[in-house]
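Protein chains in written order, with our numbering: chain Y, -18 to 300; chain W, -18 to 300; chain P, -18 to 300; chain Z, -18 to 300.
Note that these hints are calculated values from the structure, not bench results.
The model shown is predicted, which means the values in this text are computed figures rather than measured ones.
Please note: incorrect hints may appear among the correct ones.
Same chains, same label: a pair holds when it works inside one copy or across any pair of copies.
[What the hints assert, rightly or not] Here are the simulated BS3-like pairs of lysine-lysine, each with C-alpha atoms no more than 30 Å apart in a straight line:
1. 173 with 266
2. 0 with -11
3. 225 with 0
4. 225 with 298
5. 0 with 173
6. -11 with 225
7. 62 with 225
8. 225 with 173
9. -11 with 62
Protein chains: 4
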Amino acid sequence: MLSVNDIKGLYAITPTPSKPGAERWDATDTVDLDELARLTEALVQSGVNGMVAMGTTGECATLTNSEWEQAAACVIETVRKRVPLFVGTTALGTHEIVRRNRFILDLGADGTMLGLPMWQPCTLDMAVQFYADMSEAFPQLAIMAYDNPGAFRFNFPPPFWAQVARRAPTVICTKHGPDPMISALIGMTQGKIRFLPHIAGAYAMARIEPEHNIAFWATEASMGPEPALALRDAIDAGDWARAKAIDTDIGYTMQTFFPPGGMAEFASYNIQLEKIRFDESGYCKAGPIRPPYHVIPDTIEQGARECGRRWKALRGKYG
Amino acid sequence: MLSVNDIKGLYAITPTPSKPGAERWDATDTVDLDELARLTEALVQSGVNGMVAMGTTGECATLTNSEWEQAAACVIETVRKRVPLFVGTTALGTHEIVRRNRFILDLGADGTMLGLPMWQPCTLDMAVQFYADMSEAFPQLAIMAYDNPGAFRFNFPPPFWAQVARRAPTVICTKHGPDPMISALIGMTQGKIRFLPHIAGAYAMARIEPEHNIAFWATEASMGPEPALALRDAIDAGDWARAKAIDTDIGYTMQTFFPPGGMAEFASYNIQLEKIRFDESGYCKAGPIRPPYHVIPDTIEQGARECGRRWKALRGKYG
Amino acid sequence: MLSVNDIKGLYAITPTPSKPGAERWDATDTVDLDELARLTEALVQSGVNGMVAMGTTGECATLTNSEWEQAAACVIETVRKRVPLFVGTTALGTHEIVRRNRFILDLGADGTMLGLPMWQPCTLDMAVQFYADMSEAFPQLAIMAYDNPGAFRFNFPPPFWAQVARRAPTVICTKHGPDPMISALIGMTQGKIRFLPHIAGAYAMARIEPEHNIAFWATEASMGPEPALALRDAIDAGDWARAKAIDTDIGYTMQTFFPPGGMAEFASYNIQLEKIRFDESGYCKAGPIRPPYHVIPDTIEQGARECGRRWKALRGKYG
Amino acid sequence: MLSVNDIKGLYAITPTPSKPGAERWDATDTVDLDELARLTEALVQSGVNGMVAMGTTGECATLTNSEWEQAAACVIETVRKRVPLFVGTTALGTHEIVRRNRFILDLGADGTMLGLPMWQPCTLDMAVQFYADMSEAFPQLAIMAYDNPGAFRFNFPPPFWAQVARRAPTVICTKHGPDPMISALIGMTQGKIRFLPHIAGAYAMARIEPEHNIAFWATEASMGPEPALALRDAIDAGDWARAKAIDTDIGYTMQTFFPPGGMAEFASYNIQLEKIRFDESGYCKAGPIRPPYHVIPDTIEQGARECGRRWKALRGKYG
C-alpha cells in the first residue's frame, strides 16, 4: 500500500489516445490502445516518478464503460508497478465508483484519482463521508483526491482536508492548488496528505514548503517529459536558481494556452486544449476529441497549438 | 413517433424505489422492481397523461449501469405504450448516451429525458450540436430536453432554443421554467417545442399562453396524483377560478419543502427531499437514498416530511 | 402618504440627461437640467401613472452628490405631485441614504426607489433590518424596493418579502421579476407590496394575477410612451387579445437589445444600452454616458440602436 | 511622487473608529477623531513602513461624505509624510473619485487605495481605462489598486495587470493575493507594480520571489503591530526559519477568524469581523459598526473575538 512518503517527484498525466473518427457520435471502440501503451511506456522509461491516467485529460467522462475498462487494463499492465499509478475512477454515483475501484485494484493499480460524484453538488458532510466510505471500502487502494472546485461545485475548504485526514486514511495525496497557504493545510492534516501543485506552481510551492512540496503533476509531460524532469531535478537538488529559470521557460510555453475568458472559459475547453497541444507537440498522438467536447473555436485552438510548439522547442533545451 | 401535439396534460415523474440497505456503499442490486412496477402501474391507471422515469428524482446518477437497465426495462414494460414515456438517458459522454438511447428505443420507449454531459460545462455551440447529433442518431426517439441550469452549468438561453428548433427536430418538449417570457420562446421555436413547467407554475403559465401551456410535470404525482389531476382538469376546462384555488392548495404543501438556503441549497438535497416526501406521503415506498446523497440534516428533512403530510391531506380533498 | 393601492398603471423610468463631454473624467456639472425637465414634463403630460428617477438608468451611481441633488430637485419640481414619483436614493451606506431620503422628502417626493448598500453583500437579516430601519426613519416616504439580485448580490428570496411586509410598512412596491410564482409572494405579503414587472412581462403577469398585477415599469417610456400606454390600457380593459398583440410588438423591439452574453454581460452595459437606445429613438437626448461606463463595444451598441429604431417605428402604430 | 521602489515592509491598515451609537440609523458625525489620530500616531511610531486608511476595514462605504473628509484629513495630518500613506477614495463613479482624489492630494496624501466603481461590474476594457484615466488625471498621486474580486465582481486577470503597467503609470502597487503565480505577473508588468500579499501569505511569497515580495499589508497591525514587525524583520534579514515560525504563530491566531461558510460568508462580515477583533485585542477602540453592517450572528462574532485574544497574547511574545 502506497503511503504519503512514496509520493514525490513528477507525476505525468496522460490522455487516452483515440482512433480516427472518435469525434463522431456513432464511433465505438475508440481507444487507440497501441498508442496508449506506447506513450505510457515512454513516460515510465523517461524516469517520471508516477503516472495518472483517466482524469479529465484522459477523457474519463466520455469513454464508455467498456472503453474505460480496456484503457485502465492497458495502463496498469504497461506500468507493471514500476512507478505508482493512479487510475481515474470518478463516476456519477458511489456504487459505480466502488465497481470501478474494485476493477483497477484487482488488476494491480496502486491507487485511484478520485473526484466527487457531481450530479448534485456535495456538501461538506457528503464529501467527507464519501472519501471516508471509499477508505473503508478499499483499505488497500490509495486515493489521490481530485480537487477541482469548478467541475465538482465543491470548494474543498480547509475543514474538508482536516476531516479527511482523520476519517479517510487512504487519501494520501491530492491535485491541489498551487496554494500559498499550504503551510496551514499541512498543519491541519498532520502531513498525512501530500498536496501536489501543477507544474506551473511547482517551483513556488517548493520554496514555501521545501520538505512537503517535493511532488507535482504535469499533463505537460505528455508533450515530452524533459523540461518537467529538469525542473524536478533542480528542485530535488535545491538548485533554486536553475529551478526558477526552468519555471520561467515553462511559463513562456503557457502564455498562449488559456483562452481569453480565463478559467471560466477554460473549464469548457480543458480536454480539447490538452489533446490539441499534445498532438501539436508530436510526442504522442492524442487523436480526435470524443463528443460532445469535439467543438472548439479556431482562435482558442490556435493558442493550444502554439503552446505545443513552444513546449516542443523547450524539449530541445532540456532534453 | 411522438410529436409536440401529443404532449399535454400531467407528466408524472417517478423515483426508482430502492431496497433496504441501498444507502450503503457496499449495496448492490438496489432497485425494488416490484415497487417500481406497482407505482408506475398505479399512476398510469390513475389517468396521468405521460410518465418520466430516471431523471434526478429517479436517481439516474447513482444507479449502476445494470440497475439502470433493469429499471428502464421494468418501466417500459409496465407502461406498454399506454401513455407517452420518457426515460432518462443522461450520462457523462455522448457515446454512453447513444448506447442508453438505443437500449430504451429497442425496448419500446417513446422518448428520452435528456440533459447535457456535465463534466465540462457545454458552450452554446456544444449544447446545440449535442442535441442535433442525438436527433440525427435517433430520428424515432423523442427528446424531452432537461433544462436544469444549475446541474449542467448551462443557461439554456433563448438562442439555444431557437437553434435546437431548427437543428434537432426530435426535441419536442422540455422541462423548463416556469417562465413568464414564454411567449417569446414559442415564437422563436415556431411552436415546435412544448415548454413544460413544474406543477407549481402550471396555472400561471396556462393563463399566459393557454393554447401552448397545456402540459406540466409533477414529481408530486408520486405522492398521489389526485391534486395534480384536478389541476389538469381545471386548466383543460378553462375553469380558472378552480385552477387558481387548486394552485393555492398545492402552494401550501410546498411552503416547507425548500431548505432555508433556497435553490442553491436545494441543489444538494434534491433527491433526498423528493424521496423523503414520497415516503412520508405513503403513496409509494421510495426507499433509502443511494450514496453519496444519503446525507441530509434533520432540519431540512423535516420540511420535506411536512410537505408529504400536507400533500397526503390534500389528496383527501381532491381524491 | 402613498399606499399599495395607489400603485397602478405605467411607471416610466427616466435617464438623467447629460451635457456634451460628460464622458470625460474631468467633466463637472454634467446634468442637462433643461432636457431632464422637458422629458419629465412630456411623460407626465402623456399620461403615465408614475415616475421613477435616478435608478440605474438614471446613472445614480456616477452622478456626484451635487449633481444628484440638482437632478432630484429638478424632477420633484417638474412633477409637482401630479403623479407618484420615486427618486432613487441608493448609496453605499445607511447614513448617506438617510441624508438623501431627507433631502427628497423635504422637497416633496412621494417615495424613494431604494436598493441595498452593496459594498458587502447583505445577508437576509441585514437586508430586512435595513428596510425596517428606513421605514422607522421615514414613515412618510414610500419605498419602491429595488430588487436587482446581480447588482446587490442578494437574491431577495420569499422569506425576505414575508419579513419586509411585517417589519417595513413603507415598502409598498418593488421592481421585481416578472415572476410566475407571484401568487405565493402575494400570499406571503398579504397584498401589502405590489410587485411591478418590466413591461416585457406585464401582459404575462396580468394574466396570472389580474387583480394584483395592474402596474408595471418601463424604461422604454423614455423612447416614447405610446406603446407602453397602449399596453396599459389594453390590460386595464381586460382586452387580452389586444394586450397580447402589443406584447408581441414590444417583444420584437427587444430582440436585438440584449448582448450575446445574456444577462451576465448586460449587467456591465445596462446604463450604456439604455442611454443609447433612448438617443436613437429621438424622444429624448440622453447624452453621453458618465465614466467609467462610457466604454462599450460597437457590436453591442448596434443592438441597442436597432432597438431604438424599432421602438420609434412602433410609436407610429400606437401613437 | 512615490515609486514602486518605495513600497516595502509592513503596511498597516486601520479602521475609522466610531463613537458610541454609530450603529444607529440616526447617528451623525460618527468618527472618533481622537482615537483615529491616536491609533495612527501609535502605528507610525511603532515603525510600520506605510499606512492604508479608509479601505473596507476603514468603513469607506458607510461613512458619509463629510465624515470621510474629516477622517481623511485627520489621518493625513497625523502621518505628516513620515511614512507613505494611501487613503481610500473608492466611490460609485469616476467623477466622485476625481473629487476625492483631489481632496487628499491637496492635503498631502502620497497615494490612494483605489478599487473599481462597482454598480455595474467593469469589463477588462472599462477597468483598464479607469485606472489609465486616474493616472492621467493625477500624475502626482500614487495608486495602490484594490484587487478585491468579490466586491468589485472583476477578476483582475493577468491581462489587466499587463495593460495597467503600460497605460496607468501611477499604479505602483496593489493588494493582491497571495498568489503563487506571482513570477508571471512580475514579468508581465516589468516590475512596475509591487504585489502586496496579506500578512498570512507574506512568508510564502517572500520565499517565491524574495526580491519582489518585500512588502505586505496587515489589518492585524491594528491589534498591535509587534508580530507583524517581527515577521517583516525576519523576512528582511533572510532569516527564513524565524520567518516561518512567526508565520505559524500568526496562522494560529487566524484559525477561528473565518466563518464556517468560507470566503463567500466572510464577504458579508468583513467589516464586522475586523472591528470586533480590533476591539477585543485592546490595542484600539474600533467602536460600533456603522449600518447596515452592524448585524452579525453571535457564533461568527465569537470567532473574531478569539482571534483578537490570540493576537493579544502573541504581542507578548514578539513585543
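Now the hints, each set against the structure:
no. : hint         : in the structure
1   : 173 with 266 : neither (37 Å within a copy, 42 Å between copies)
2   : 0 with -11   : neither (33 Å within a copy, 44 Å between copies)
3   : 225 with 0   : neither (39 Å within a copy, 52 Å between copies)
4   : 225 with 298 : within (15 Å within a copy, 36 Å between copies)
5   : 0 with 173   : neither (41 Å within a copy, 37 Å between copies)
6   : -11 with 225 : both (19 Å within a copy, 23 Å between copies)
7   : 62 with 225  : neither (32 Å within a copy, 38 Å between copies)
8   : 225 with 173 : both (28 Å within a copy, 20 Å between copies)
9   : -11 with 62  : within (15 Å within a copy, 51 Å between copies)
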